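If you want the building blocks of each chain, they are given just below.
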Amino acid sequence: MSPKSVQKIAKVFIWGGGAITVAVLLGIILYVLIQGLPSVNMEFLITPPKGGLSGEGGISTATVGTLYLLGITLAILLIPGIGAGIYLAEYARDNRPTRMVRYAVETLAGVPSIVFGLFGFALFVTALHFNFSILSGALTLVCLLLPTLIRTTEEAIRAVPRSYREASLAMGASKWQTIRHVVLPAAMPGIVTGIILCAGRIVEETACLYVTMGGSAAMPTSLLKGGRTLSLHLYYLAMDTNAFDKAMGTGAVLIIIIIIINAVTNLLSQRFQAKMRGG
Amino acid sequence: MDPKMQTRHLDFYYGENQVLKRVSLNMKERQITAMIGPSGCGKSTLLRVLNRMNEVIPDTRLQGEVLLDGNDIYASGVDVVEVRKRVGMVFQQPNPFPKTIYENIVFGPKMLGRRDKAYLNETVERSLRAAALWDEIKDDLSKSGLALSGGQQQRLCIARALAIEPEVILMDEPCSALDPVSTLKIEELMQELKKQYTIVIVTHNMQQAARVSDWAGFLLMGELVEYAETNEIFSRPQDKRTEDYITGRFG
Amino acid sequence: MPSHVVVDRTAKHVVLICASASFVILGAIFIFTMREGAPALQEIGLYNFLLGTEWRPGQEMFGILPMTVGSILVTLGSMVLAIPIGLACAILLAEVASFRVRRLLRPAVELLVGIPSVVYGLVGMLLIVPAVREIGGSGFSILAASLVLTAMVLPTIISISEDSLRAVPKGYKEAALAMGATQWQMIWHVQVPAARSGIMAGIVLGMGRAIGETMAMIMVIGNSPIIPTSPLSQGRTLTGNIAVEIMYASGIHRSALFSTGVILFLIILVLNTVATFALRRGLKAHHVA
Numbered sequence: 001m002s003p004k005s006v007q008k009i010a011k012v013f014i015w016g017g018g019a020i021t022v023a024v025l026l027g028i029i030l031y032v033l034i035q036g037l038p039s040v041n042m043e044f045l046i047t048p049p050k051g052g053l054s055g056e057g058g059i060s061t062a063t064v065g066t067l068y069l070l071g072i073t074l075a076i077l078l079i080p081g082i083g084a085g086i087y088l089a090e091y092a093r094d095n096r097p098t099r100m101v102r103y104a105v106e107t108l109a110g111v112p113s114i115v116f117g118l119f120g121f122a123l124f125v126t127a128l129h130f131n132f133s134i135l136s137g138a139l140t141l142v143c144l145l146l147p148t149l150i151r152t153t154e155e156a157i158r159a160v161p162r163s164y165r166e167a168s169l170a171m172g173a174s175k176w177q178t179i180r181h182v183v184l185p186a187a188m189p190g191i192v193t194g195i196i197l198c199a200g201r202i203v204e205e206t207a208c209l210y211v212t213m214g215g216s217a218a219m220p221t222s223l224l225k226g227g228r229t230l231s232l233h234l235y236y237l238a239m240d241t242n243a244f245d246k247a248m249g250t251g252a253v254l255i256i257i258i259i260i261i262n263a264v265t266n267l268l269s270q271r272f273q274a275k276m277r278g279g
Numbered sequence: 001m002d003p004k005m006q007t008r009h010l011d012f013y014y015g016e017n018q019v020l021k022r023v024s025l026n027m028k029e030r031q032i033t034a035m036i037g038p039s040g041c042g043k044s045t046l047l048r049v050l051n052r053m054n055e056v057i058p059d060t061r062l063q064g065e066v067l068l069d070g071n072d073i074y075a076s077g078v079d080v081v082e083v084r085k086r087v088g089m090v091f092q093q094p095n096p097f098p099k100t101i102y103e104n105i106v107f108g109p110k111m112l113g114r115r116d117k118a119y120l121n122e123t124v125e126r127s128l129r130a131a132a133l134w135d136e137i138k139d140d141l142s143k144s145g146l147a148l149s150g151g152q153q154q155r156l157c158i159a160r161a162l163a164i165e166p167e168v169i170l171m172d173e174p175c176s177a178l179d180p181v182s183t184l185k186i187e188e189l190m191q192e193l194k195k196q197y198t199i200v201i202v203t204h205n206m207q208q209a210a211r212v213s214d215w216a217g218f219l220l221m222g223e224l225v226e227y228a229e230t231n232e233i234f235s236r237p238q239d240k241r242t243e244d245y246i247t248g249r250f251g
Numbered sequence: 001m002p003s004h005v006v007v008d009r010t011a012k013h014v015v016l017i018c019a020s021a022s023f024v025i026l027g028a029i030f031i032f033t034m035r036e037g038a039p040a041l042q043e044i045g046l047y048n049f050l051l052g053t054e055w056r057p058g059q060e061m062f063g064i065l066p067m068t069v070g071s072i073l074v075t076l077g078s079m080v081l082a083i084p085i086g087l088a089c090a091i092l093l094a095e096v097a098s099f100r101v102r103r104l105l106r107p108a109v110e111l112l113v114g115i116p117s118v119v120y121g122l123v124g125m126l127l128i129v130p131a132v133r134e135i136g137g138s139g140f141s142i143l144a145a146s147l148v149l150t151a152m153v154l155p156t157i158i159s160i161s162e163d164s165l166r167a168v169p170k171g172y173k174e175a176a177l178a179m180g181a182t183q184w185q186m187i188w189h190v191q192v193p194a195a196r197s198g199i200m201a202g203i204v205l206g207m208g209r210a211i212g213e214t215m216a217m218i219m220v221i222g223n224s225p226i227i228p229t230s231p232l233s234q235g236r237t238l239t240g241n242i243a244v245e246i247m248y249a250s251g252i253h254r255s256a257l258f259s260t261g262v263i264l265f266l267i268i269l270v271l272n273t274v275a276t277f278a279l280r281r282g283l284k285a286h287h288v289a
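Listed in order, the protein sequences are those of chains Z, E and G. Number 89 in this note's numbering belongs to position 89 of the first sequence; there are no gaps in the numbering. Number 115 in this note's numbering belongs to position 115 of the second sequence; there are no gaps in the numbering. Number 105 in this note's numbering belongs to position 105 of the third sequence; there are no gaps in the numbering.
Everything labelled a hint here was simulated from the structure, so no lab data went into it. Among the clues, some could well be false.
[Claimed, not checked] Below, computed lysine-lysine pairings styled on PhoX-like, alpha-carbon distance capped at 25 Å:
| id | chain 1 | residue 1 | chain 2 | residue 2 |
| --- | --- | --- | --- | --- |
| 1 | E | Lys-240 | E | Lys-194 |
| 2 | G | Lys-170 | Z | Lys-8 |
| 3 | E | Lys-99 | Z | Lys-275 |
| 4 | Z | Lys-11 | G | Lys-12 |
| 5 | Z | Lys-8 | G | Lys-173 |
| 6 | E | Lys-110 | G | Lys-173 |
| 7 | E | Lys-99 | E | Lys-110 |
| 8 | E | Lys-185 | E | Lys-143 |
| 9 | Z | Lys-4 | G | Lys-12 |
| 10 | E | Lys-138 | E | Lys-194 |
| 11 | Z | Lys-11 | G | Lys-173 |
[What the hints assert, rightly or not] Partner residues are not named here, just some residues of chain E that face chain Z (Cβ under 8 Å, in silico):
| id | residue |
| --- | --- |
| 12 | Val-56 |
| 13 | Pro-58 |
| 14 | Pro-180 |
This structure is a prediction, so every number in the text was calculated from the model and none was measured. For glycine and all other residues, C-beta sits at the position ideal for the given N, C-alpha and C.
Required output: the full structure, derived from the provided sequences and hints.
Listed below in structure tokens is the structure:
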């Protein structure tokens with residue numbers, strides 16, 4: 001075969017790969033939206049689900065559960081995540097402790113959600129007697145998300161030009177003042193992007209919550225009460241009931257949330273990059 | 001008159017690599033001292049050593065003394081923040097923070113604990129006037145520092161350095177990123193500033209050194225080859241290597 | 001001591017403690033799952049646990065071979081399609097596509113990562129499982145699971161391969177093109193080989209994601225703890241084994257599920273180490289060049 005005809009076949013292969021990827025994405029999104037949106041109305045959004053083996057009801061408690069979990073998880077996650085990012089970007093020397101921390105972050109990032117679930121089940125649910133609760137779920141998620149927030153924070157801080165730090169230090173600002181008043185403000189859009197990324201993961205995550213949150217359909221009234229997120233609710237609907245229309249409705253709500261989160265993340269990171277280029 | 005700053009038998013290493021070799025230098029008060037030499041000769045390193053900015057870079061080592069008003073700034077117990085407050089620095093690339101012009105200038109005083117509004121406002125005006133920038137931007141203080149032109153940015157950085165009322169100002173090739181008109185403005189500004197401040201400038205532009213400085217030192221591969229009054233060094237260099245460099249027969 | 005020195009020192013210690021949290025958590029995960037899993041391993045024996053073909057908690061039979069085989073099969077199955085599609089898409093993004101195409105395609109890839117795994121599972125249940133049923137069997141199968149996983153691992157393979165294709169020094173490309181190579185010859189004979197390590201890392205990390213996936217697998221694989229004999233037969237993954245049974249398990253059964261977690265953890269550890277190694281080698285290769 002002549003190089004020319006190979007080139008033509010290769011083009012089909014390359015563009016085919018892109019087309020299939022887009023087709024898969026659009027296929028999933030459109031299928032879920034078309035099948036799901038008809039079940040989504042005001043009543044669906046504000047009615048609590050019946051729970052158990054019944055597929056009746058809406059998604060109100062699952063929505064509250066998701067928001068509750070989101071708030072608690074981020075509240076616990078922010079300080080250790082951003083703090084560790086600051087350490088790795090600003091303080092860490094290339095020595096043994098640093099390498100151990102980096103190794104731990106990399107490894108944790110790859111550990112499957114269900115293994116975090118097992119851990120949370122053994123430590124928070126059983127050993128610490130938090131039982132199946134929002135708190136157990138949130139603490140498990142904190143462990144799971146820590147590497148994500150650490151990495152995005154570190155990257156955002158590293159993207160801040162060195163000249164900012166030098167200018168600040170040369171004026172007699174201390175290292176922490178420099179970090180607090182120059183580096184962090186400049187890196188903030190990048191860090192916020194990382195936080196939103198974590199928020200997206202909290203909305204998506206199911207496996208580790210399945211074994212730590214209990215899945216009660218009732219309104220979660222305290223940290224130590226069980227609950228379910230939208231993703232968990234979808235799972236229960238699909239597996240324990242035959243209410244596929246409601247499952248699809250929940251799926252449609254989830255997809256819309258994820259699309260919004262992705263759009264915000266993209267917008268922020270574009271802004272951030274433009275700013276770092278001095279725009 | 002005693003020199004404002006002095007280095008004595010200064011050795012400096014990056015890892016195993018010695019970049020300054022027994023440099024001894026006096027910098028006179030309210031005069032401009034210029035360091036010239038080819039790239040990599042150690043002149044920027046020497047400048048950074050003068051306000052301990054070298055300590056930002058890991059794995060470096062220093063021997064010898066750096067005296068400010070006769071006291072070693074590397075002596076144990078000396079607060080690095082205090083040193084940098086007295087010895088300010090302006091960098092090669094203008095590096096305003098991505099904050100407003102006002103915030104850029106009050107940054108230093110705020111870090112040093114000054115909070116009262118009246119003082120900060122007065123500092124902004126005083127510093128911008130001293131940096132010959134006040135008339136141009138007094139109505140735009142809430143604009144981003146990054147919105148200024150390159151030359152204005154550099155003068156903003158000078159104003160920012162002046163805001164902490166330093167005694168010495170170090171300038172690391174402050175005009176190398178600027179156009180000729182902006183360069184001229186900075187040079188005029190330096191003549192004004194030297195009435196009040198001691199200035200040390202690093203440049204690889206020999207004409208600039210000749211124009212602005214009172215004293216000049218020629219550094220070559222970490223060694224201070226020659227140091228004298230500027231007109232002396234440019235008209236009657238004592239060392240063959242200095243002569244080669246300033247007449248352009250060299251690197 | 002000046003107050004800023006105290007603040008500085010305190011801040012440094014606080015962020016250091018934050019940083020060590022990851023290490024503590026990793027250690028705690030390992031210790032907790034090991035400690036909970038140890039009784040089962042002692043009772044059953046490592047050999048019977050790893051190579052036993054029967055998982056019948058009622059009869060105290062705990063062999064995880066069916067699940068290990070299940071996990072490996074769905075992972076390899078997903079790679080069959082995901083590697084060529086992912087590589088093609090990565091080449092498109094890194095080399096061929098115009099700026100405008102890239103601006104559409106890249107968010108699409110990012111969005112694929114964001115879709116919750118239960119949504120993948122649900123779409124699999126309602127679209128792929130019935131389609132597989134047309135071929136034969138119940139439809140809940142290794143094949144259905146592999147197809148669902150394909151979509152889920154694509155973004156990992158695409159983004160890491162794209163990064164490493166981009167990291168190939170421009171000089172290589174220009175040299176090849178200047179010698180009269182077609183664009184495809186340049187890509188296939190110069191760029192892809194130069195990015196080989198990074199592409200391998202992407203594939204290995206994709207495999208890690210596939211092995212770790214839980215909910216979507218439970219929803220489409222049928223969950224029978226048997227060794228699958230064909231792509232159409234049901235199966236169960238290591239992850240699914242844990243999730244399906246942990247809520248009601250007790251005693252040695254519960255411990256055996258933790259042991260399953262330990263095995264999963266070790267598999268991921270190996271895969272991640274391989275990927276990290278490949279990525280480092282990729283970086284080094286370009287530094288030499």
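Verification of the supplied hints:
1. Lys-240/E - Lys-194/E: Violated. Lys-240/E to Lys-194/E sits at ~31 Å, over the 25 Å cutoff.
2. Lys-170/G - Lys-8/Z: This hinted pair holds, its Cα atoms lying about 24 Å apart.
3. Lys-99/E - Lys-275/Z: Roughly 11 Å separates the two Cα atoms, so the pair holds.
4. Lys-11/Z - Lys-12/G: violated, 54 Å
5. Lys-8/Z - Lys-173/G: Judged against 25 Å, a Cα distance of about 19 Å means the pair holds.
6. Lys-110/E - Lys-173/G: Violated, at roughly 52 Å.
7. Lys-99/E - Lys-110/E: With a Cα-Cα distance of about 14 Å, the restraint between Lys-99/E and Lys-110/E holds, given a limit of 25 Å.
8. Lys-185/E - Lys-143/E: Distance of about 22 Å is within 25 Å: holds.
9. Lys-4/Z - Lys-12/G: violated, 61 Å
10. Lys-138/E - Lys-194/E: holds, 24 Å
11. Lys-11/Z - Lys-173/G: holds, 18 Å
12. Val-56: Holds. Min distance 6 Å.
13. Pro-58: holds, 6 Å
14. Pro-180: violated, 22 Å
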